[in-house]
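Enquirer: Below are the chains, spelled out letter by letter.
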Amino acid sequence: MVDSRLHAVPDEPGTPAADTLLGQVARGDAAAFERLYPLVAGSVYGLALRIVRNPALAEEVSQEVLVDVWRQAPRFDRTRGSAMAWVLTMAHRRAVDRVRREETQSRATRAAAQTATEDDAADVVVDEVERAWEASRVRHAVARLTDMQREAIELAFFSGYTHQEVAGVLGIPLGTAKTRIRDGLIRLRDALGVDRP
Amino acid sequence: MTTDTNPHGLTGAYVLDALEPFERIAFEDHLDTCPECREEVAGLREAAADLAALTRVPAPAALRRRVLDGVARTPQVGRVDHAARLDRAAQAVAGARPGTAPDDDAHPRRPTAWQRWWAAAAAVLVLVVGGAVGGTIAVRQHRADEATAAAQAHMMLIATAPDAVSHAVPLGTSHVVMSGAMQAAALVGEDVPMPANPGMTYQLWMVHADGTTAPGPTFVPDRGRVLTFVEGDLGKVTELTVTEEPMGGSRAPTGDVVATVAL
Chain G
147 MVDSRLHAVP
157 DEPGTPAADT
167 LLGQVARGDA
177 AAFERLYPLV
187 AGSVYGLALR
197 IVRNPALAEE
207 VSQEVLVDVW
217 RQAPRFDRTR
227 GSAMAWVLTM
237 AHRRAVDRVR
247 REETQSRATR
257 AAAQTATEDD
267 AADVVVDEVE
277 RAWEASRVRH
287 AVARLTDMQR
297 EAIELAFFSG
307 YTHQEVAGVL
317 GIPLGTAKTR
327 IRDGLIRLRD
337 ALGVDRP
Chain S
12 MTTDTNPHGL
22 TGAYVLDALE
32 PFERIAFEDH
42 LDTCPECREE
52 VAGLREAAAD
62 LAALTRVPAP
72 AALRRRVLDG
82 VARTPQVGRV
92 DHAARLDRAA
102 QAVAGARPGT
112 APDDDAHPRR
122 PTAWQRWWAA
132 AAAVLVLVVG
142 GAVGGTIAVR
152 QHRADEATAA
162 AQAHMMLIAT
172 APDAVSHAVP
182 LGTSHVVMSG
192 AMQAAALVGE
202 DVPMPANPGM
212 TYQLWMVHAD
222 GTTAPGPTFV
232 PDRGRVLTFV
242 EGDLGKVTEL
252 TVTEEPMGGS
262 RAPTGDVVAT
272 VAL
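In order, the protein sequences belong to chains G and S. Here this note's numbering is used: the first residue of the first sequence is 147, the next is one more, and so on. Here this note's numbering is used: the first residue of the second sequence is 12, the next is one more, and so on.
All the pointers check out, no bait thrown in.
Selected chain S positions facing chain G (in silico; Cβ < 7 Å):
(1) Thr22
(2) Asp28
(3) Asp61
(4) Thr66
(5) Arg67
(6) Pro71
(7) Pro173
Derived by calculation from the structure, the hints in this document are not laboratory data. Quick caveat: nothing in here was measured; it's all calculated off a predicted structure. Where a beta carbon is used, it is the ideal one built from N, C-alpha and C, also for glycine.
Take these sequences, add in the hints, and give me the full structure.
Expert: And the structure:
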């Protein structure tokens, strides 16, 4: 019914277009979902892949998340945050749940993989000027973190460690791990200028 | 120490899904009553989303078709009246300020506000175990509405204590969370079946190294959910067991053991 070519939207994460589209999806608009898909699918898949480290599994997780975005869209409230944050919150939770269930993959393996691919982020997003700018903005913000904050956030966010595990791996008290994660994220938030409720 | 037991300090770990399940449940209840934490969580989520975007890669081409097929087969959840939800949440919490920021809803997998079942629960038992093994035990029973806020705060304190440990309990999806520093433990569970024998109740028992057993609280799941507390020196307790007992509980176990946890 709706010709998606008439509704071209910039392929950039976090744009208001995604907020508007998700609002339409919330009212059962399947065509809006098709237009939302290219805005979020790459980020969902990329995040899932980074966490589960297995393309087939990442695809499975992404499929579950993206169908769930459709299913749960009526619960999205754009006054509380962006569509991108809403979608990626779901993606992160689902990917972390999956990786914690994967008993075959030891925590040690994941820690080693984490270290080995730490520099990959620099090569992930480069092809588009806008995306490169976005990435460099985020990387500049990440550079404002202390090494210890960055380490704690990477372990929790990209390896799916609980804060107790982060404390164990880094050999620091639990309270210190919590503080590092929170202080690091707050610094990141302030550097990114995304302090909006 | 202050930051260790302060729930406000958990926003970052919550946003990164780095809390243990029992901590997450407790923290989400805290969020219902803390506008500052809700606002901080919302801001940190945007930052985390920007961080996540660094990992962006082209999604496999086949994914699109599978997702759209899934969408075509999947009904949406009912629309949520956010204002009405907020109103109910505010009413459910004594002392909540009306008109505060909306509660956190960005984790769609959260079933319902736990307050609602706490409020609906018949009673919350707080059991105080005397210092001596098998010593005097005082049981304080509160009306649910009076106990809800206290139970919530108590659960939060135990779950966020620096020395908190969690053991899975083979009774539905349950955990017992204990803190030596707090001298307290909470049994929290979901999907707990009703006692097999009609008219019976579950009862928790503290088994000591010398084989003696101290009676704990009785509980019956409310829509599968369970929350009960034990307070006192649990250092000498080596095992927790759950039995089925007649209503009101027993002084010593009489029914079959339905779950055992070695500590």
